[in-house]
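Fit chain F to the known structure of chain R by using the hints.
For reference, the chains in residue letters:
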Amino acid sequence: MRSWKITPKVLPTLVTLFYTFLWAPAIVLIVLSFSNNKYGIKWEGFTLRWYAHIYNNVGVRNALTSSLFIASVTVVVATIAGTLAAYGLYKYKFRGRKFLRTSILLPITIPYIVTAGALLVFYTQVIHIPLGYPGIIIAHISFSVPLAVFVVLGRMARIDWTLEEASTDLGGDRLTTWRKITLPLLLPAILASAALIFPWSFNDFTITYFVAGLGTTTLPIYVFSQLQYGTSGPVINTIGTIFITLPFITLLLMNFLQKKEVT
Amino acid sequence: MQTFKVMGRATENLREKAKKFLTKQAHLPYVGPISLWIIVFVFAPLGVILYFSLLTIGPYGQIIHTFTLENYLALVKVGFAKVFLRTILFAFGANMVCLLIGYPIAYFIVRHGGRWKTLLVFLVILPSWTCYLIRLFALKTLTDSSGLINSALLSLGLISSPLGILYTPYAVMLGLIYTWIPFMVLPIYAALEGLDPSLLEAAVDLGATPLRRFFTVTLPLTKGGIFAGTILVFIPSLGEWLVPLLLGGAKNMMAGNLVSIYFIKAGNIPAGCSIATALTALVILIIYLCMKLGGEEALERIV
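The listed protein sequences correspond, in order, to chains R and F.
Residues in the first sequence are numbered consecutively from 95, following our numbering.
Residues in the second sequence are numbered consecutively from 932, following our numbering.
One should not assume that every hint holds.
The list that follows gives simulated cross-link-like pairs (lysine-lysine, BS3-like), each with its CA atoms no further than 27 Å apart [stated by the list, open to error]:
no.: 1; chain 1: F; residue 1: 1196; chain 2: R; residue 2: 187
no.: 2; chain 1: F; residue 1: 1013; chain 2: F; residue 2: 951
no.: 3; chain 1: F; residue 1: 951; chain 2: F; residue 2: 1071
no.: 4; chain 1: F; residue 1: 1071; chain 2: R; residue 2: 132
no.: 5; chain 1: F; residue 1: 1154; chain 2: R; residue 2: 103
Keep in mind the hints are simulated off the structure, nothing from the lab.
Just chain R, with the same shape it has in the complex (with noise of 0.2 Å):
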């Protein structure tokens, strides 16, 4: 019978070291980011020079832009094009409904460096699309369209159709009807999805390094070529912090529209 009153105080103690085990590094990096350390490996005595020195510097600067850049295209395509696709496979019993389903998974199911592979080997010796930024964010699109599908299909199981029969009873054509209807009852899926897809795609690093080709590059890329130098550990760690923080922001992004869409 003793072994069962231990079972309370075994659990909370796997927790807790679960959780530092899931945050210590992270927070680490965070601290070391303030330190004066120059490989930014242990503390001694606050600094900001770091994030002077990553604010000043032209590469990261320009990573950052390509980042954003093809996070931001990734995002507007892949949410319309998602909802499109969750649209049809909610509305429409067609042949091969369940295939494409199923297709839609595929991106995420397959390794990313088979996918990295396959789609540098596509580019460059079967369809010659430049290696860069279409490269780039057509793979994007391709791994960000199934969160898009899954996470509006979600919203469409438990939105009030009637409301759309109703539009279309009382005249309403069909553009009307997703205009007034139908979009605004999916916008809060369409920008969680959104909400998700955009970090997806700004911390991508293998796929993104395969078919960036030598021109672009984009802030995990550039972490990765610092990396290889060895000497810059408080730049890795700045640019992490950035890293880090980012789904903070976009949690509490989501948090408000979900606030707004209650007022």
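Chain F alone, transformed into the frame defined by chain R:
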């Protein structure tokens, strides 16, 4: 006159047919673009690696377009087979550890989370929204021989020389677990959350001990979550290349590293394609097994 009438009827007929066809194809404007996109940018590239995996390169690195099984025969060679075996071992090990840690964590959040539930779930999700290159760098900083863990242990006098965690198989396992564990916790959490509490009460009423209740009711009913988590952890672990690259070193290379070496460093596209194809075959096998064991639910729970 007669001809006009016939022609009129024919057009009417045609228009009717066209209309019928259009209503039947009403889904096309919605799913057409995405279908086309998937065919061109998902299926075609996968077909292309299959095709190129059957080719070989000439002495100047040019691709020779004659079919050969050379690349696949090379895969059976000792060196490659060892890397593949290691890949499966690492991925499977990481998956099992994630399951053994992840299940109790999900269980704790559902049963004892209370008003902290949402926060606890978000603390699991949020790391996966950070660039994982950065997360791995952070883990590396922490476990480095001059990093925080070693300095702390040294100053506490628990060890006399720094532990060499980095560049060992353990470091790769640690990296895999650290990267992918959120994706094990979340589907199991969802499955446990959806569990009907009256079933658990029934088990208690019928006199089941907590342990028996867990193994006969809770565990079988959350099978879908477990296999969804397995798909989400096992598969990306199989394709991992950054974790072994950053934490493992050349001795602990995984199949993904071979792909990147052949594609980027060696420029031997056919060889890279054969390894990528073999990896994909492995992935399909695992998805198939997970779906067979975990049912449709395993795939549904992923999204």
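Hints, one by one, checked against the model:
no.	hint	in the structure
1	F:1196 x R:187	48 Å, violated
2	F:1013 x F:951	60 Å, violated
3	F:951 x F:1071	63 Å, violated
4	F:1071 x R:132	17 Å, holds
5	F:1154 x R:103	26 Å, holds
In terms of the numbered hints stated before, the structure departs from hints 1, 2 and 3, listed from lowest to highest.
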